[in-house]
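Protein sequences appear in the order of chains V and Y.
Each residue of the first sequence is one higher than the one before, counting from 334 in our numbering.
Each residue of the second sequence is one higher than the one before, counting from 334 in our numbering.
Hints listed in this document are in silico derivations from the structure and should not be mistaken for laboratory results.
Just to be clear, a hint being listed does not mean it is correct.
Claimed, not checked - Covered, in the sense of this in silico footprint (three residues per stretch, anywhere, with C-beta under 8 Å from a C-beta of chain Y), are these stretches of chain V: (1) 449-461; (2) 602-613.
What the hints assert, rightly or not - Anything over 10 Å on all C-beta distances counts as not near chain V; from chain Y, calculated: (3) M463; (4) R464; (5) L470; (6) N475; (7) F482; (8) K500; (9) K590; (10) D613; (11) L644.
What the hints assert, rightly or not - The following residues of chain Y were derived to be distant from chain V, with all beta-carbon distances above 10 Å: (12) D362; (13) P395; (14) E468; (15) I565.
The beta-carbon is built from N, C-alpha and C at its ideal position, and this holds for glycine as well.
There are 2 protein chains.
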Amino acid sequence: MTSFFVPVLDQIHQVEDLIRAQAEGYHPDLQAALEHLLKSGGKRIRPTLTLLVGRMLGAPEPQLITLAASIELLHTATLVHDDLIDGALLRRGIPTLNARWSPGATVLTGDFLFARAAKLAAETNSIPVMRLFAETLTIIVNGEISQMFNPPCISTLENYYQRIYAKTASLFEASTGCAAMISTTDNDLIMRLRHFGRELGMAFQIIDDILDLTGDETQLGKPIGSDLRQGIITLPVIRFLHTHPEDPFSQMILQGKCLQNDADILAFIERLRHSDAIEDAHQEAQRFIKNALDDLRTLPNSPEQQYLEELTWFVTQRKT
Amino acid sequence: MTSFFVPVLDQIHQVEDLIRAQAEGYHPDLQAALEHLLKSGGKRIRPTLTLLVGRMLGAPEPQLITLAASIELLHTATLVHDDLIDGALLRRGIPTLNARWSPGATVLTGDFLFARAAKLAAETNSIPVMRLFAETLTIIVNGEISQMFNPPCISTLENYYQRIYAKTASLFEASTGCAAMISTTDNDLIMRLRHFGRELGMAFQIIDDILDLTGDETQLGKPIGSDLRQGIITLPVIRFLHTHPEDPFSQMILQGKCLQNDADILAFIERLRHSDAIEDAHQEAQRFIKNALDDLRTLPNSPEQQYLEELTWFVTQRKT
């Protein structure tokens, strides 16, 4: 157990109970689905962020638990539709909902979770929270739509950063930003905490993208190189293209062509792992981490501020 | 043009413009999809209800337009996912989104519309509106999930009323209820207007279900008996089962078996049309209409109250 989880462990359990309660009184299959999704776990890093920021700023506890549940449930809902669209059968090594259910049932379960996440957001009684919640969902979905409609294997840095902001950093930003919004009306403080969440989220996704190329398949619960297989070009690849434009694989990707088969993808990953590309991408993540830490250091000293700093370091060092 | 649309025609155009604006700045394909959905039309009966109730109670106009757009967009979003799940290729005679797009793109477009509907709801700056919005979405989706997971051809009245409340009356209730919520804090008045919307919505759906058996295919834009084909038992059928339990088709349905082929379905519809079942169902719709009119008559006299009364009569007499 990483230290910064400990102070909010009891609240994380309350968050999970509140999420579980969202299916009570509805169709029994929804309860089963939600239970399955809760067991599929994840690190609960988003609600942990919400709880730590909220506690740091003195947010009322019931409102904070409600908000953290809303954030995690929104995250879960997007994963349900994501896995369906990607046809993913495993997430974190555990069968996805769509591996067992029909597409229609999976679509509706995702919709139900959106509805319950929106209901919890409304129960925070904060208009700014509701607005940021809806705005964040818009950004996430627009990002997925752009990825679907744009040609595959786009290798510009601009496209990459837009994509990971939409996919990950926007919800990290909402996790910290909404916690600030229910705690204070100090707009400057809210903006700093949104910025902190955003930068942390960018680093988080870069590390995720590095692990997709360097990680342990068993620990990741998915095969290495899944991004490349889906025609998604991530930061380590972009860095490799930059430093090895003469490489034949680089040539292909730079011309907007995707690597065609498993052997090519694995050969390319092998070269990439032995280049500076991984280290370059790590350094880029560190740049976001530094920004996040700078944001934290403008805040008054508190135990939660220390925990948030630890969490920030944890993001760069994680292996799954 | 039916008279009660006239006083809100200008605002309905504003509502449509606001809906259209929701895709601005996002992926161009989303703009195209939204344009297509707006052209596919519909009678805009829900935003008309919202506008008339809001005007009657003196709601601030910009807030009212925003709310009406939110309601119509929520309705549109649910139709997009519905058509995908049902595999419907036409709605009101016009190709559905999923007739032209991949399932993934259709799921995400629906999600985007949910997000924008939630954003508009948040922009009303009303916590009660946000809560009812989320609650209504929950009810609609839970209804669809129940229909999917329950066995087909359930012929109890209880199941029927639950289903049409979830499918239709809940959003009618939100259309009138939210309009009241942004206009007044008088809880009794809000409850009466929610009740009015709910009863009207129940009648609306009963008429819809009658038209599915008696209507003109060209006007409906879908084949006759589409409910029966999907294993959905509606009020006219339930009435026929009640008055003709000896009929062999009734026997089948009462034993929980669905009619198996087109010829049986058409033969059954033929018998049903020549029985009292249609008239019985109409009388049941009239019972809801009477309740709705009773609610209206408790309100202070105003032009909008008259228009709402006309709209209520229109619902029972419509042919599409």
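Task: Non-interface label on Y/P395, tested against every C-beta of chain V at 10 Å - done: Answer for Y/P395: holds, closest chain V Cβ roughly 15 Å.
- [ ] Would you check whether the claim that Y/K500 is not at the interface survives, using Cβ distances to chain V and the 10 Å cut-off?
- [x] Holds, since 13 Å exceeds 10 Å.
- [ ] Examine each Cβ of chain V, and state whether all of them lie more than 10 Å from the Cβ of Y/L644.
- [x] holds (28 Å)
TODO: Examine each Cβ of chain V, and state whether all of them lie more than 10 Å from the Cβ of Y/D362.
DONE: Y/D362 is in fact no farther than 10 Å from some Cβ atom of chain V, at 5 Å.
TODO: Test the statement that Y/K590 is away from the interface with chain V: the closest C-beta pair must be farther apart than 10 Å.
DONE: Answer for Y/K590: holds, closest chain V Cβ roughly 22 Å.
Task: Least C-beta distance between Y/R464 and chain V, which was stated to exceed 10 Å - done: violated (4 Å)
TODO: Verify that the Cβ of Y/D613 lies farther than 10 Å from every Cβ atom of chain V, and report whether the claim holds or is violated.
DONE: With a cut-off of 10 Å, Y/D613 remains clear of chain V, as the shortest Cβ separation is near 30 Å.
Open item on the list: Is the claim that Y/N475 lies outside the interface with chain V correct, judged by CB distances over 10 Å?
Closed with: violated (5 Å)
Task: Given as non-interface: Y/E468, partner chain V, CB spacing beyond 10 Å - done: Per Cβ check, Y/E468 is inside 10 Å of chain V; nearest 6 Å; violated.
TODO: Report holds if the minimum CB distance from Y/M463 to chain V is greater than 10 Å, and violated otherwise.
DONE: Non-interface label fails for Y/M463: nearest chain V Cβ at 4 Å, not farther than 10 Å.
Open item on the list: Can you tell me if the region 602-613 of chain V counts as covered by chain Y, using C-beta to C-beta distances under 8 Å and a minimum of three residues?
Closed with: violated (count 0)
TODO: Check whether three or more residues of the region 449-461 of chain V sit with their beta carbon closer than 8 Å to a beta carbon of chain Y.
DONE: Holds: 8 residues of the region 449-461 of chain V have a Cβ under 8 Å from chain Y.
Taken one by one, the earlier hints fail for this structure at numbers 2, 3, 4, 5, 6, 7, 12 and 14, listed in ascending order.
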